[in-house]
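S.K.: Sequence:
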Amino acid sequence: MRQMCNAVFFLSVLGVVALCGCGREETPRSALKPVAPPVEMPPDYVVAMVNGTPLSWADMEKRAMGYLKDDVEVNHLVIPTNRMAEAKEHFRRRSVKAFVFKTVMMEEAAKEKIQLAELDRQEGLRSLATSLKSRNWTTNDFFLKGPMGEAMMRREFEDGLVIDKLLKQKVRDRLRVTDKEIAESVALLEATNQATRVKLDGIRKQLLDGADFGDTARTVSQCPSAKKGGDLGEFKRGNMLKGLEQAAFTQEIGAIGPVVETRFGYHILKVTARTPATEATATSPAVPETVRVSHILLKSVPIDHKRMTDSIVRMKYKAGVDAYFRDLKSKSKIECFFYPDMTF
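Just so you know, we're using my numbering here: the sequence shown kicks off at -4 and counts up by one.
For the record, the hints were derived by calculation from the structure and aren't laboratory data. Don't take each hint at face value.
[As the list claims (entries may be wrong)] Computed list of lysine-lysine pairs in DSS-like fashion (alpha-carbon distance at most 30 angstroms, straight line):
(1) Lys301 x Lys163
(2) Lys57 x Lys128
(3) Lys92 x Lys328
(4) Lys175 x Lys165
(5) Lys163 x Lys108
(6) Lys222 x Lys200
(7) Lys301 x Lys92
(8) Lys64 x Lys175
[Claimed, not checked] Label-pair ranges, simulated between beta-carbon atoms:
(9) Met337 x Ser129: 48 to 54 angstroms
(10) Asn135 x Val69: 17 to 23 angstroms
(11) Ala186 x Lys326: 41 to 47 angstroms
(12) Gln189 x Val41: 36 to 42 angstroms
(13) Leu114 x Gln241: 49 to 55 angstroms
(14) Leu120 x Gly197: 35 to 41 angstroms
(15) Lys108 x Phe339: 21 to 27 angstroms
(16) Glu35 x Gly144: 30 to 36 angstroms
Given the structure is predicted, the values throughout are model-derived calculations rather than measurements. Positions of the beta carbon are idealized from the N, C-alpha and C atoms, including for glycine.
Please construct the entire structure, taking both the sequences and the accompanying hints into account.
M.R.: Encoded structure:
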């Protein structure tokens, strides 16, 4: 739970980790909307202001182009030349939103006298190191290769830790998950799984009525074997999930078996071939019995109390941060001169 709410998360909110490709969402192409011909402003032009703190054109551009560069290099976003202006506008707007969020939060942190201890920094660095593993980067790489220069990257990291600590006090530490909420989540998942089971029962009835197994598997099965008509290949005992193995070695060839439940979901099996076991001879070893099996799988949703608790906490945390930001925002003077249509 701590890692989910660590400084890296807040850095991604602010756009710092986003600049280096960690813990952020890929920008969908649909997010790029047609825009008017681009207008370049002087570097010191004030794009936006929060309680008197300005965002210059130069700072906005530096952040926005960092976002763009990251999406291209890490998420392989392909931007046609004739849509580059749209992409730049999208990332400029994102950088303005990040500036507003960060500025509002940092001002509140100052009012609350939030200060970092060395332990906070060390925990933040450990979390950052974990998030960078997918890129084979170290924390030094993060600071040195970041698009804003080492000094600013380190300052942004420090600011992210401050905001993390503020939100820990104001939101995270106040979150509670009740037994009722867990029970409701369990009931919802159980109902979902039951609906899946009922659906597969209906599919089995169609098979018993003569529907082709391979065609049905290709259409409805959620296993990669669907493209092969559900064919799983040949198995000997000990190489299948227990429930499937028991069914496979007891069913008649060609029979449509009953629905079998495993940790993956619900299955219908069809044994397509069986090779009897042979005893060892003086010249050859014993050969175990094997079966060739096809199946149709509809996946179930695992019921894991810890994962459900974490999921509820994530939702509550996001809602809590949103509500806290709305409250602080309502008390702030936010002006956006270059994008007067933007809302925060």
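S.K.: Give me the numbers of the hints this structure contradicts, sorted from smallest to largest.
M.R.: As far as the earlier hints go, 7, 8, 9, 12, 14, 16 are violated by this structure, in ascending order.
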